[in-house]
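Taken in sequence, the protein lines are chains A and B. Heads up: the first sequence at position 184 corresponds to 184 in this note's numbering, and the numbers run straight through without jumps. Heads up: the second sequence at position 150 corresponds to 150 in this note's numbering, and the numbers run straight through without jumps.
Note that these hints are calculated values from the structure, not bench results. There could be a bad hint or two in this list.
In this list, chains with the same sequence are indistinguishable; a pair is considered to hold if it fits within one copy or across any two.
Straight line, CA to CA, 27 Å or less: simulated BS3-like cross-link-like pairs of lysine-lysine [claimed, not checked]:
hint, residue 1, residue 2
1, K65, K92
2, K162, K173
3, K92, K273
4, K212, K65
5, K212, K173
6, K217, K92
7, K292, K217
8, K217, K173
9, K212, K273
10, K292, K173
11, K162, K217
Predicted, not measured: the structure shown is a model, and the values here were computed from it.
Number of protein chains: 2
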Amino acid sequence: MGDLHFSRVAFIGIGLIGSSLAHVLRRDQSAQTIVACARTQATLDTARELGICDETTLDPAVAAKGADLVVIAAPHSAYAALGRAIAPSLEKGAILTDVGSVKGAAVRDLGPIVPPGVHFIPGHPVAGTEHSGPAAGFAEMFQGRWCILTPLPGTDEAALAKLTRLWESAGMKVETMSHEHHDVVLAITSHLPHLIAYTIVGTATDVEETLKAEIIKFSASGFRDFTRIAASDPVMWRDVFLSNREAVLDMLQRFNEDLTALQRAIRWGEGDKLEALFTRTRAIRRSIIEAKQA
Amino acid sequence: MGDLHFSRVAFIGIGLIGSSLAHVLRRDQSAQTIVACARTQATLDTARELGICDETTLDPAVAAKGADLVVIAAPHSAYAALGRAIAPSLEKGAILTDVGSVKGAAVRDLGPIVPPGVHFIPGHPVAGTEHSGPAAGFAEMFQGRWCILTPLPGTDEAALAKLTRLWESAGMKVETMSHEHHDVVLAITSHLPHLIAYTIVGTATDVEETLKAEIIKFSASGFRDFTRIAASDPVMWRDVFLSNREAVLDMLQRFNEDLTALQRAIRWGEGDKLEALFTRTRAIRRSIIEAKQA
Chain A
1 MGDLHFSRVA
11 FIGIGLIGSS
21 LAHVLRRDQS
31 AQTIVACART
41 QATLDTAREL
51 GICDETTLDP
61 AVAAKGADLV
71 VIAAPHSAYA
81 ALGRAIAPSL
91 EKGAILTDVG
101 SVKGAAVRDL
111 GPIVPPGVHF
121 IPGHPVAGTE
131 HSGPAAGFAE
141 MFQGRWCILT
151 PLPGTDEAAL
161 AKLTRLWESA
171 GMKVETMSHE
181 HHDVVLAITS
191 HLPHLIAYTI
201 VGTATDVEET
211 LKAEIIKFSA
221 SGFRDFTRIA
231 ASDPVMWRDV
241 FLSNREAVLD
251 MLQRFNEDLT
261 ALQRAIRWGE
271 GDKLEALFTR
281 TRAIRRSIIE
291 AKQA
Chain B
1 MGDLHFSRVA
11 FIGIGLIGSS
21 LAHVLRRDQS
31 AQTIVACART
41 QATLDTAREL
51 GICDETTLDP
61 AVAAKGADLV
71 VIAAPHSAYA
81 ALGRAIAPSL
91 EKGAILTDVG
101 SVKGAAVRDL
111 GPIVPPGVHF
121 IPGHPVAGTE
131 HSGPAAGFAE
141 MFQGRWCILT
151 PLPGTDEAAL
161 AKLTRLWESA
171 GMKVETMSHE
181 HHDVVLAITS
191 HLPHLIAYTI
201 VGTATDVEET
211 LKAEIIKFSA
221 SGFRDFTRIA
231 ASDPVMWRDV
241 FLSNREAVLD
251 MLQRFNEDLT
261 ALQRAIRWGE
271 GDKLEALFTR
281 TRAIRRSIIE
291 AKQA
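Extracted from the complex, chain A is given alone in its bound form (with noise of 0.2 Å):
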């Protein structure tokens, strides 16, 4: 990774992706400063103690003020006001780029703010854990996990290359596609499971309390693999599906209509059709094994 620096980098947003990412970036040496913007001063406290930053800031602008990489790394529902904020100090060459999970929403939010000169790519880091926060971060976890950039037509190919070594000078793979292409993808893989794990760890537990903790006692039988997904960030959440809200609601429409299917073939005994369904889906499982995703 010789070959990869940045003079400045700014995370705006410094919770589980940012810290990470400024892990790898202390771990490889490849910036020189280091820059953490946050909300609170108890985070940006965090992330001093973590080591992963050599200043930290408040107020965004301060942050994005000489940086050659910004990286936006919070909730959807903050971009827009991020980006009025550090519009004005974002310099000529500079690359700015988020780590968001709907690519549709970072160009409608930030796409407008960005300074002719400046590079925007927007990206998303598929990689993560239930935790959230500074402290939860670490470098490995982007290794052999995909990074998917969104770059808009026309995109510099020098700074959309350097994004690239930068993801994967983290051990991530890199794939671009259209923002609108990913937002679809990711829907299906990503955003209708957490809604579903979500919605089935709340209608579990909304019992009384004895039976919930027989629930949680028993929890291992299936439950317990939906309440790790069912214990992601709640704003970033909220924010990703308020954010893909088309893709999402389409993708649950169809979910419906499969899971009155399935309700009706158990009411009225329609052994068949449930083995069949069961049998393609075990068959989905050894397709992951052999992609080496499982």
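Fit chain B to the supplied structure of chain A, relying on the hints for placement.
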């Protein structure tokens, strides 16, 4: 486990659960003779190669003859016929148990055939993997997990104690409850989660081939966790849903209501409702970690 001894243990069905228990009996030398009965000779050959049985037979009546412990470890749809087949072979003082996921169905299908003097105690070791067949079994599978026994009123205390010691020898924590209560608790913790996982894996992969390849590629973003559950044995799970129909449909109805409410909140941009649920479900995860079930 020196005091736990059976002279002849018959496994009617020797798949994932049956073979794992046979491994335990072998390891602890708790059974003088282990007999395996299956529907196909191929399964029996595998069981014999694994060294987990001394005798094999395709005839359940032959397997059960002279046994002091008979373990039904077959899909629920086979129970009634197996019960009729083994009834004449069951000897006074023998323990008849099963390992199925729906205890009401076990009572309904096996209860009527039990001859006087035979101790029928339905059981459910809440353990497993997404794999199936005798080669998938291993003695450690039960370690630290719960086994639920659902003895009927008037069950012989000595027989119950002996069956309890058997599962404890496999490393399980044993709890008793009524079969009705078991089926409600498991509908929530196990059956509904499996049904939802099967559905979402079906929905997400019922797309054109190009998109399907991308979904498998990016499955680590949430979808992957569902595919493991949805790879569970198709026949066994078909039977679970049909055998615990009422409780499953009841939970499914509640899940549907909650999902519809969430869908509406997304459509109308009610972020506070989403955040409130996601904050509640995150706390549930903490309860599971505290209960050491994570």
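Hint check:
1. K65 x K92: For K65 and K92, only the intra-copy Cα distance (11 Å) is at most 27 Å; the inter-copy one is 86 Å.
2. K162 x K173: Result: close within a single copy only, 14 Å intra versus 55 Å inter.
3. K92 x K273: Neither. Shortest intra-copy (60 Å) and inter-copy (41 Å) distances fail the 27 Å Cα cut-off.
4. K212 x K65: neither (51 Å within a copy, 43 Å between copies)
5. K212 x K173: Close across copies (19 Å), not inside one copy (42 Å); limit 27 Å.
6. K217 x K92: neither (57 Å within a copy, 36 Å between copies)
7. K292 x K217: between (32 Å within a copy, 9 Å between copies)
8. K217 x K173: Only across copies: K217 and K173 sit 11 Å apart there, 39 Å inside one copy, limit 27 Å.
9. K212 x K273: This pair counts as between: shortest inter-copy Cα distance 22 Å, intra-copy 32 Å.
10. K292 x K173: Answer is within: at 13 Å inside a copy they meet the 27 Å cutoff, but 35 Å across does not.
11. K162 x K217: The answer is between: 24 Å across copies meets 27 Å, while 49 Å in one copy does not.
Checked against the numbered hints given earlier, this structure breaks hints 3, 4, 6; the rest are met.
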